[in-house]
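**Student:** Chain by chain, the residues run as shown.
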Amino acid sequence: MPIPRRRFVLALGTVSTSPVVFAQGPAPLSAPRIVPVAPDQAAEPVLQFFTPTQFATLRHAASLLQPAYSNLPGAVEAAAPEFLDFLLAVSPAPRQALYRGGLDHLTSQAKLLFKKDFAALTAPEADQILKPLIVPWTFDPPADLHERFLTDLRADLRTATTNSAPYAAAAATTSRRGRGRTGAGLYWLPIDPTRR
Amino acid sequence: MYDVLIVGSGHSGGMAAATLTALGVRCLMLNAGPVADLERDRVNKSAHELPYRGFGKPGLHPHIFQANEYNANTWVDENEVPYTHPADASYNWVRVRLLGGRSLFWARQSFRLSDFEFRAADHDGFGENWPIRHNDLAPFYSRVEAQFKVVGRKEGWPQFPDGNFVEGGAGQADSECQQRITAAANKMGIGVSRMRAAMGDGGLASSVNLSLPQAVASGKLDVLPNAVVRQITTDPNTGRANGVIFLDRHTRQERRAKARVVVLAAGTLESTRLLLLSKLANSSGVLGRYLTDQQYGCTVVASMPEARDGKANPKLIGGGLFIPRFRNLRKDEKRNFIRGYALPLNTGSSPDPKYFPEYGEALQKKLASYAGSCVTGGIYGDVLPRYENHVRLNPNQTDAWGIPTLHIEARYGDNERNLCKDAADTMEELYKAAGLEVIVKSDKVNPPGYSIHELGTCRMGADPKKSVLNQWNQSHDVKNLFVVDGSSFATAGWQNPTMTILALSMRASEYLAAELAKGNL
Ligand SMILES: Cc1cc2nc3c(=O)[nH]c(=O)nc-3n(C[C@H](O)[C@H](O)[C@H](O)COP(=O)(O)OP(=O)(O)OC[C@H]3O[C@@H](n4cnc5c(N)ncnc54)[C@H](O)[C@@H]3O)c2cc1C
Chain A
14 MPIPRRRFVL
24 ALGTVSTSPV
34 VFAQGPAPLS
44 APRIVPVAPD
54 QAAEPVLQFF
64 TPTQFATLRH
74 AASLLQPAYS
84 NLPGAVEAAA
94 PEFLDFLLAV
104 SPAPRQALYR
114 GGLDHLTSQA
124 KLLFKKDFAA
134 LTAPEADQIL
144 KPLIVPWTFD
154 PPADLHERFL
164 TDLRADLRTA
174 TTNSAPYAAA
184 AATTSRRGRG
194 RTGAGLYWLP
204 IDPTRR
Chain B
32 MYDVLIVGSG
42 HSGGMAAATL
52 TALGVRCLML
62 NAGPVADLER
72 DRVNKSAHEL
82 PYRGFGKPGL
92 HPHIFQANEY
102 NANTWVDENE
112 VPYTHPADAS
122 YNWVRVRLLG
132 GRSLFWARQS
142 FRLSDFEFRA
152 ADHDGFGENW
162 PIRHNDLAPF
172 YSRVEAQFKV
182 VGRKEGWPQF
192 PDGNFVEGGA
202 GQADSECQQR
212 ITAAANKMGI
222 GVSRMRAAMG
232 DGGLASSVNL
242 SLPQAVASGK
252 LDVLPNAVVR
262 QITTDPNTGR
272 ANGVIFLDRH
282 TRQERRAKAR
292 VVVLAAGTLE
302 STRLLLLSKL
312 ANSSGVLGRY
322 LTDQQYGCTV
332 VASMPEARDG
342 KANPKLIGGG
352 LFIPRFRNLR
362 KDEKRNFIRG
372 YALPLNTGSS
382 PDPKYFPEYG
392 EALQKKLASY
402 AGSCVTGGIY
412 GDVLPRYENH
422 VRLNPNQTDA
432 WGIPTLHIEA
442 RYGDNERNLC
452 KDAADTMEEL
462 YKAAGLEVIV
472 KSDKVNPPGY
482 SIHELGTCRM
492 GADPKKSVLN
502 QWNQSHDVKN
512 LFVVDGSSFA
522 TAGWQNPTMT
532 ILALSMRASE
542 YLAAELAKGN
552 L
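Protein sequence lines correspond, in order, to chains A and B. Just so we're aligned, residue 14 is where the first sequence starts under the numbering used here, counting upward by one. Just so we're aligned, residue 32 is where the second sequence starts under the numbering used here, counting upward by one.
Note that these hints are calculated values from the structure, not bench results. Be aware that one or more of the hints could be misleading.
Said to hold, decoys possible - Lysine to aspartate or glutamate pairs mimicking EDC-like chemistry, simulated, CA-CA at most 16 Å apart: (1) A:Lys129 with A:Asp117; (2) A:Lys129 with A:Asp140; (3) A:Lys144 with B:Glu392; (4) B:Lys463 with B:Glu207; (5) B:Lys463 with B:Glu337; (6) B:Lys497 with B:Asp508; (7) B:Lys475 with B:Asp508; (8) B:Lys88 with B:Asp108; (9) B:Lys88 with B:Glu109; (10) B:Lys180 with B:Glu159; (11) A:Lys144 with B:Glu389; (12) B:Lys289 with B:Asp340; (13) B:Lys365 with B:Asp155; (14) B:Lys397 with B:Glu468; (15) B:Lys475 with B:Asp445; (16) B:Lys385 with A:Asp153; (17) B:Lys497 with B:Glu159; (18) B:Lys475 with A:Asp140; (19) B:Lys385 with A:Glu95; (20) B:Lys385 with A:Glu160; (21) B:Lys472 with A:Asp153.
All of these numbers come straight from a predicted model, not from anything done at the bench.
Only chain B is shown next, with the shape it has when bound in the complex (with noise of 0.2 Å):
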């Protein structure tokens, strides 16, 4: 019998596996999909060389914005594991099976909530606060943002707490329009940073090269893969998990595997899924709302004139600017929304053809006199977690494997569209003020989910009336069941949670090991 079984692969079950093996806890990893051999699995081709010249399959990926034809193989196929939404609020699930989940393709952004976060309901009176603070988890934050060799500027500012940087983050010189649109911002009492970012190895900060080698080396962690787990089992005497259920992603054929601890890392919804279809922890009745994410879209184009006509060059434009949360952050400041949003800036790119009402050689010149004159920006906005957006079982609608589905119900409110409103009025301005000519200007934000970064739902709280999970990432109800992926949060903040999620895992499991050890579990 295993100590512990995690559900999952990516990057909370990774860095489950990594702390509880490092602690000589012997684990059992379950993945619901395949082993990809990154050398063999991946091949440079044109697009050309595509069956669909890089459309992808047709309505092959209907809710995934990010699917093109490259990598149309790796996403999770909604005719195998399909959901359900209202026909007016579209929701968009970005799911992935292989061994590594979406560890293998996110973006690497890495940032730390903040206590304006931590403790939201503090300060403008919204929602709960977390059972933590940002000191309770900033020695986490710091060893994994050393282990993901996360770059960044330190700033000093409380909205945006400096990490264990390393080496690397400095590039070169800030380009003209770079200091351009950093005067005007400071001008507007706006502070400007750079883009926070794991750097990992090669490019890749994934559990399967940077938590799960050290963890298989152990020798403590026996991988499964094609487990497609459908059932947390309990002893019915004492109520406490004692193992799960799993079918062969291929034949089919159950089977159960038994351990002392259960640990959800199954990625927000799929964990909250499991829970669901196993009837455990919800004695609070709050399982599986307040579901939350991160806002993304609020486009604003603009064109740096002096750099038009083929005048780009490295010294003029180029670079990228990070603007962090910078609304809200005195309890007196009277907006019509709360919280806030920050934005990410680019520049020196080359225009969208679809953003000039033109064609043929008045468009090719358009754009060729653009090219690498533009800066692109967008927002990170914040999104309030209400209990109204949930998601549940659907009674009627089963997966490949016979196992029920989620229906997931979640839209954007006021304070979600007039945060927009304020962001692109901001880029506006800001580019404005920095001598840019606005191309395009736009406040709608894609549907809930776009972002991949699906949160809540599970949440975690002092009071268990309110929560399902403790301080800890442990089942009020259930004391031997742990959920460490995003599905703990109880807010999002405008922050990508990737750091987060692994340092709740990392902590939560020493916690787990502890507790184990003192034959607490």
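This is chain A alone, in the form it adopts within the complex (with noise of 0.2 Å):
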């Protein structure tokens, strides 16, 4: 078969400057494995998309809607909250302002019925503000968008909290039915993406 050009050019480029490498080949590479740490148990993560006051309303409607539960790990102990700060960092606009619309009608209606803040308020108070806000499936989202704020914030802590590294870490201790979906698949690698 005959050489490609590069190849060849640089087999070339071998022979002049170190003939005797190139005769044996380079010696193969070996260095032990290093298994690095995972960024959750290193660091913290710096807040960087909600404003103080809405991510108090979001850790504090975290806690009451995904609650720890029998054994496992709620919503503000999978760091559900921080990880939505950074997911909603780096979602699209109109999902920015659901979310911040959503938190900031939270404590409105904390500071009209009760005349303090969201995360202030115990948990019958705020289920006063929660509870109409949760309404019955439909197959398109609600139209109302604190509705469909609510319908989404439950969906996507019940999602961040299962896939947290201390929800999977506490299912693997639990009896098989009262673990729930814990996530974990086969993981696509990039193929040969296009250079750019």
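Take the two lone chains, each set in its own frame, and fit them into one complex as the hints suggest.
**Tutor:** Right, here's the structure in full:
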């Protein structure tokens, strides 16, 4: 088989500078395998998207919507609010607006009904705001933006929780029935991506 | 020079290559994307190890409902090969450009079309018949079913032709839930069967493991990945196809490949796009028209009360059911829709949390109580092939290789909506008669394209004024040009299309090889 032009030229270059190496081929490289630490284990995320008030509202809503249950961590223990702060920062503008508007609405309702921040509400007080916004399922998302936000938030918190490292660790030690669904699967790496 | 150029390496291209090379025809296969190494390119990961915890990069695949962070790298990137649709008519175009195309990912549900589809116009007066009947395709279906190892239960129903099934379909005895639904359906005059599926090898029934290896082993097939075809070339004197022009995916260098025959297998809309770009095969004016697919959606979910609170067990609940088309089988049936739908049902699953308007501990308790007690159902609904549902070239948008893109315009109409309403009502009636509690019911469907079964736009027919291809998937206008993917379909039917695509590709390729040998091409 003819040597492709590029390899042929490289081979010539190698011959002129280091004929011994060319004759024997490069020595195979080896190094001990280093297992890297996961970022979540090593450091905490810097919040970048929500305002402090919005984040406090999100955290409190998370504790009520997806609490710890049956030895499995809830959204707060799974750092789901911190993860959503990152996810929303890189999300398309309409989704960012839905989240910001939804959290601001919870805050303004708390101020209106109880004269305090949403984050400071007791669970029964918060229920009075959250319950009317959790509507029966329809195929299309709710037309009302606040209802839509809460529908999405509830689902996002659940996914961010069940797909977290603390949840996976707890699920591994729980009986099969109580385990719930944890995210795992076959991941496709990028395959020869287009060079732009 | 090659005998045949095959554009595309999915089910349709793979079958063409295997069939042609077995008959001694020398082929070159051009595929737009790279070759995946199924061992090296896939790794087991927990969702928390992924950058976006399984959500996927936001906004990456806005039209691919099936995309998630695990498979995100396999789909065609819309930034690279964009397309447009009207603002009020979303279209989900789901594409894969790896060698093997979508055959690497399909769910392997495998059905034949029946004469209710091939002769649909005779039955209800709408549209055109196919130029072939089930009998014409039956021997090819049988060979494909053997090769793909299709399992299924024989029923002897004309709307659900039995196949050449391999052993292995029979599972364990029916659960009580399956029995109750079957009895309720039979009382309503509806027949209940089982899913039919291709086992392939080791759960993979793809061109890369079932058809391409034998073609390559014959020594008659060259495979060229990363070759983005942009045009079919013709001899100016004869008008016959004589090759293609393609670009290297990475360097964009253009090349010309020559052959005596060109076979398009680029996946329904990409084949039509190539014909539109090449200004070929459209003396009928219907190239790009009659885009159709199957409508998916129409969600009805129920729960078996006896199986709640930890009582679900395999004797009580579990296993799938499949109800093939049962509507409009008689010509005198009067409904507010024509054609029909199938109902795939699954028993023994847990409910999606979104179905309950609750949260917190109340929701967790509800989910624990309903775990394993649910029955889910949706539809595979026929979509009428209508002239106005079409694709055309975008004058002002090109892809990453400077090739004009497609504008896709497809809407479902009253027939599809009425059909779905009937399906939702029927499922509800069925569940209630079986003693189940209905949790949610919706007769809404996903946008066109969602089923990933886009069909038509290059349809076959007996009349060259009304169709692009003849009964051999051969262009009426350009005799040495064949199109062997789903674009040739004259009607969609409710059936997942791949078995039919494979059988048609095999049949067309045998015809092609014979014509080539006779010197007719
Ligand atoms: C998740 C999923 C589940 C499915 N489940 C089922 C099922 O259960 N049952 C069923 O019947 N069907 C199912 N399908 C549909 C099925 O996969 C398709 O019907 C079938 O694979 C189509 O094969 P094809 O060869 O026509 O097209 P494709 O598989 O799309 O192959 C087309 C090939 O053409 C190449 N190509 C495109 N444009 C160019 C170009 N310009 N130049 C060069 N090459 C080009 C692409 O690289 C690609 O490899 C499913 C699909 C998916 C994605």
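**Student:** Does each hint hold? Answer for all of them.
**Tutor:** Here is how each hint holds up against the structure:
no., hint, result
1, A:Lys129 with A:Asp117, "13 Å, holds"
2, A:Lys129 with A:Asp140, "15 Å, holds"
3, A:Lys144 with B:Glu392, "13 Å, holds"
4, B:Lys463 with B:Glu207, "15 Å, holds"
5, B:Lys463 with B:Glu337, "14 Å, holds"
6, B:Lys497 with B:Asp508, "12 Å, holds"
7, B:Lys475 with B:Asp508, "41 Å, violated"
8, B:Lys88 with B:Asp108, "12 Å, holds"
9, B:Lys88 with B:Glu109, "14 Å, holds"
10, B:Lys180 with B:Glu159, "32 Å, violated"
11, A:Lys144 with B:Glu389, "8 Å, holds"
12, B:Lys289 with B:Asp340, "67 Å, violated"
13, B:Lys365 with B:Asp155, "11 Å, holds"
14, B:Lys397 with B:Glu468, "14 Å, holds"
15, B:Lys475 with B:Asp445, "12 Å, holds"
16, B:Lys385 with A:Asp153, "12 Å, holds"
17, B:Lys497 with B:Glu159, "9 Å, holds"
18, B:Lys475 with A:Asp140, "31 Å, violated"
19, B:Lys385 with A:Glu95, "23 Å, violated"
20, B:Lys385 with A:Glu160, "13 Å, holds"
21, B:Lys472 with A:Asp153, "12 Å, holds"
Hint compliance for this structure: hints 7, 10, 12, 18 and 19 are not met, and every other hint is.
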